[in-house]
Amino acid sequence: MQASPKPKIFIGTGTCGNAAGAEAVLDTLRQELAKNGLTADIVQVGCIGLCFAEPLVEIVKPGRPSVFYGNLTPEIMAEIVRDYLAGDNPRPDLALGTRGEGTIEGIPRLFDLPVLKPQVRIAVRNCGNIDPADIDHYIANDGYSGLARALKMTPQAVIDEIKKSGLRGRGGAGFSTGMKWQFAHDARGDQKYIICNADEGDPGAFMNRALLEGDPHAVLEGMLIGAYAIGASEGYIYCRAEYPLAIAHLKVAIEQMEKYGLLGHNIMGSDFSFHLHIKEGAGAFVCGEETALMASIEGSRGMPRPRPPFPANQGLWGKPTNINNVESWAHASIIMQKGADWWASHGTEKSKGTKTFSLVGKVNRTGLIEVPMGITLREIIYGIGGGIVGGKKFKAVQTGGPSGGCLPESFLDSPVDYESLAAAGSIVGSGGMVVMDEDNCMVDVARYFLTFTQLESCGKCIQCRWGTRQMLDILEDIVAGRGRPGDIELLQELGQAVKDGSLCALGGTAPNPVLTTIRYFRDEYEAHINEKRCPAGTCKALVNYYIDAEKCAGCGICLRACPAEAIRGGKRLVHVIDQAKCIKCGTCLEVCPAKFSAVARVSGEPIKAPAEPIPVAGKA
Amino acid sequence: MAEAKQAERTASPTSEEEIAAKVDRVLRAFKGEKSELIPILQQVQQALGYLPEAAMCQVARFTGVPECTVYGVATFYAQFKFVPVGRNIVKVCRGTGCYVRGAPRLLDELEKLLCIKDGQTTPDMEYTLETVACFGSCALAPVVVVNDRVYGRMTPDKVKALVGRKAGQ
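Here the protein sequences come in this chain order: A and B. Per the working numbering, the very first residue in the first sequence carries number 1; after that it's consecutive. Per the working numbering, the very first residue in the second sequence carries number 1001; after that it's consecutive.
If you are wondering where the hints come from, they were derived from the structure by calculation, not from laboratory data. It cannot be assumed that every hint is accurate.
What the hints assert, rightly or not - Derived DSSO-like pairs: lysine-lysine, alpha-carbon spacing no greater than 30 Å straight-line:
id	chain 1	residue 1	chain 2	residue 2
1	A	K8	A	K251
2	A	K571	B	K1160
3	B	K1031	A	K319
4	A	K608	A	K392
To be verified - Covered stretches of chain B, going by a simulated chain A footprint (3 or more residues, C-beta under 8 Å):
id	region
5	1025-1036
6	1101-1112
7	1127-1135
Idealized CB from N, CA, C, for every residue including glycine.
I would like the entire structure built from these sequences, with the hints used as guidance.
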């Protein structure tokens, strides 16, 4: 492909790219090419994971390494077309990095950048490199060679290969994928099903979306291999409706597979026949739980049921069913392409391979990353993520979404693997990783997660339905300054009861964010309860804003910006916030010019401000 | 790369005949099996903007699923709405990435701007304000979605400009 005389331009138009303005950049690119009388092949690709630098374009000129440009605006795009495509100046000042053979002076190699160097891209191997809507691109990158290899093996040999790789479920619990396939293979039944769990409900996580948008065939090939191994003739992809682009790409991919004979009867000339359906979720977090998900496919309320019987024996419509996460399927396909030994050479003794994470929150370089298991949190947050935004102080990293926990600084050098995170009270989960800094209140974060799980509890188990409600009420009281001594112990007791008394993982893990924040940030709870003070200054009921009379220049900016009209003052008068009217939105703090920095936010401290506007110091 | 379908919404129909006709058109593509219930409800909502009682009863007759079960399924899932929605749907993400990066302030701003609360519709039926668990665009947090178009790295000021511009159209 690289040998074509025309330049090739890859532009990331996944959901992230579009949200950052890729469509406008693409329009400009087309217009500028036309204006300069140039032709080029434009390929719209998925997310390469450098979301912080979106919109992102990669330009391949014949005989040169390709050049990546990030943070594009239509204006910068126009400059690049003029200088590098019409002219021959690669604009090192605007470039992020190069890829491929050769070097360009002044531009580093992309994969030598700290954000990419520690990464090993296996599940997301093709994301950002191929057109996800073109099956030929996938096939050109060894796609479906894993299926071809599997079809020449016995189903048992395929399962043995997956077992040998040591692959563990990438959706959260980390159960051996090979074992799971074995159970479904061994189960008796005239009809068996395969399901891809793409109901990525964890707030703060988007690994599966990026994978489905950027390389749907990697997942679908894995499903075909799994179906052949367990003897399933039908499969479902349960994808949440919030991912319209992922669903669109899956539909295109399935059409192409049908055209290429990769779905239907006698696939690749073998006896293996398989049909695939897409089911759109309807907005219920609990449907990520396998029995709830199957109830939803069947057209019912998505409520979990007791296990056993396990889905491997009685799953969808009572038939043996194997259900795996999007990322697990993408790993299964490459394991069959490249072999279990190659795959297992990454990762640790017990946690093999690589894992994708969505690195978000208060880090400088947010994005989708894939790292070998066993890497430390510090390498991820400070190496790949480039540290905390604005040079602030790291406080916690939340892994595993509403089922996981918040880990403090002392865990930064812990390895990221199933066992280590579980020992710390959190989980690897599906891969959400939200970084928090000194401005995030951990009691408020616990309250946030519980608000979520409380809302999403299906209501079947009373401990989950009412226990989370009671816990949330206590947390609401604490952040509102109504906390009482004994609340912490009560939260712990209730948390244990919810864990013990819930049928599924939603209730079984819902107290984790509360319990881990109590374990590692107990001082913050105590400050809220005993001193009515929020150390991070985020709990509205516990903070006050005032204007420092020594610093205020009487410029009037805050007075005009205050949405509650709570600020009084006048020309050359020190402005005063009326505490009774103040809604504590923080607008005044934000708009006060940096040269004055006169607005202060305090919690648990007296307000040092005059009651009425007085003349500005030195201007009387 | 395929484009995500952009919602082109007109105001929800109000007359019984119009609702029945639109539901009928949706049902033609289905066989009437119970497993089709959620996809049917999704398409009915796509056509009407919400699920009126009459439409749910019509779906119950078509699938042979009791009316109470149809209602039970519909109310279980956050996606389904039971009151008409406005021509523009503004959604604020309440995912973790957005939350720690200031999404609550975007919601405050929108509630103030549109004079409605989360889940409500302006009296002129121009705007419906909603929150959604997570859009999966966390790396560009906080995000706001207007009529299925995702806007990343939002601030209260940008939200004002976004909705203000739409309101001025």
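Results for each hint:
no., hint, result
1, A/K8 - A/K251, "holds (26 Å)"
2, A/K571 - B/K1160, "holds (28 Å)"
3, B/K1031 - A/K319, "holds (22 Å)"
4, A/K608 - A/K392, "holds (26 Å)"
5, 1025-1036, "holds (count 4)"
6, 1101-1112, "holds (count 4)"
7, 1127-1135, "holds (count 4)"
Against the hints set out earlier in the document, no violation occurs for any number.
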